[in-house]
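The listed protein sequences correspond, in order, to chains A and B.
Residue numbers for the first sequence follow numbering that gives the first Met the number 0, beginning at 0 and rising by one.
Residue numbers for the second sequence follow numbering that gives the first Met the number 0, beginning at 0 and rising by one.
There could be a bad hint or two in this list.
[Stated by the list, open to error] Below, in silico cross-link-like pairs of lysine-lysine (DSSO-like), each with a Cα-Cα straight-line distance of 30 Å or less:
| # | chain 1 | residue 1 | chain 2 | residue 2 |
| --- | --- | --- | --- | --- |
| 1 | A | 7 | A | 96 |
| 2 | B | 118 | B | 84 |
| 3 | B | 111 | A | 61 |
| 4 | A | 61 | A | 7 |
| 5 | A | 61 | A | 96 |
| 6 | B | 118 | A | 61 |
The hints are simulated quantities; they were obtained by calculation from the structure and are not laboratory data.
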Amino acid sequence: MEPVQTRKSLSQLRRGTVEYCVLALLRGGARYGFELVRELSVVDGLVTSEGTIYPLLTRLRKEQLVTTFWRESESGPPRRYYELTDAGREALDDFAKEWARFRDSVDAILTKEEG
Amino acid sequence: MSTMQADRLVDDYLSRLEEAAAHLQRSRRAELIAEIREHIEAALREEEAAGEVAVRNVLERLGPPEEIVEAAEPAPAAEQRPTGKLEVAAMVTLVVPFIGWLFGIAMVLISKAWSNREKSIGTALALLAVVPFLTLAIVDSYSESTNSTFETLLFVLWVIGGLPSALYLGLRLRRAD
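Construct the complete structure from the given sequences, taking the supplied hints into account.
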C-alpha cells in the first residue's frame, strides 16, 4: 500500500483524467452505463470503485460533453445510453494533445539521471 | 442461501446510499439511486454465481455508498461560503435609508455568500421599505396637519425600513456557518 500522500496525489490525478477516459470510450459510438463502467474498471489502477463513475457521467452530461438517451434492451428493462457530443469530442481531442505533452514532460523528469 | 437475503443486501446498500446522499438535491439523489439500482440489476444478470455471493461481489465492486456520494458532491461540511467585509458592509449599509438601500442591494447582489434566492428575498425586503415612505408622501400631500400618530408611525417605518432585509441576510449567513 502506498503512503497516504502518494495515495492522495494519485486519487486527484485519477479524478482529473478518468472523465477523459470515459469520453475516449465513447469515441466509437454510444454505450450504456453499465458497459462503460465495467470497461473502465477492468483497466488497472484507473477506477477504485465502480459506483463513482455515475456521478462523473452526470457531470459530463451537465457540461454537455455527453448526451443520454434510452434504448430497449433484449434482456431486461430499457437502458440509458451515453453518447459523445461535438463539444465532448473537442474536449477529448484537446485533452489528448495536452496529455501527451504532460506525460512526456513528467516522464522525462522522473527518469532523468541524477547528477 | 435465499434470494430474500440477497435482496436485503441490495436494499441495505441502497438505503445507505440514500442516507449518504441526503445533502444532494432531491432530483439529483433520485437519479443517482436509480442509476446505481440499474447498475446492480445489470451486473447481477451477468454474474455467474447466483444469490448472495453474486450480490456481494457486485456491491463490493461498486464501492462504499459514501464514496459514490463524495464523488457526486462533497458533504456540506467541506462547502464553505465566504463571509467577509463585503457582507458586513452590505448589511450595515442596508439600514441607512435611500442611498444605503441602493448601495446595500448592490453589495448584496455582488456578494457570493448568498444564494440567488436569498438575494431576491433580501432585495424584496429592502424595496418594501419604500412603501411607508411613499405612503407618507401621499398622506402628507393630502392632509395639512403634521405629526399625527399615523404619520409618525410611517416615518419610523421608513427610517428602519432596511432592517428586515439586513436581519434576514444576516441570519442566512449565520445559518451557513
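Against the structure, the hints come out as follows:
Between residue 7(A) and residue 96(A) the alpha-carbon distance is near 25 Å, which keeps this suggested pair within the 30 Å criterion. For the proposed pair residue 118(B) and residue 84(B), the alpha carbon gap of about 17 Å is at most 30 Å, so the pair holds. Taking the CA atoms of residue 111(B) and residue 61(A), the gap is near 22 Å; set against the 30 Å cutoff, the hint holds. Of the pairs offered as hints, the one joining residue 61(A) and residue 7(A) holds, with about 26 Å between alpha carbons and a cut-off of 30 Å not exceeded.
Distance restraint check for residue 61(A) and residue 96(A): the Cα-Cα separation of roughly 24 Å lies within the 30 Å cut-off, and the hinted pair is therefore satisfied. Distance check on the hinted pair: residue 118(B) and residue 61(A) sit about 25 Å apart at the alpha-carbon level, within 30 Å; holds.
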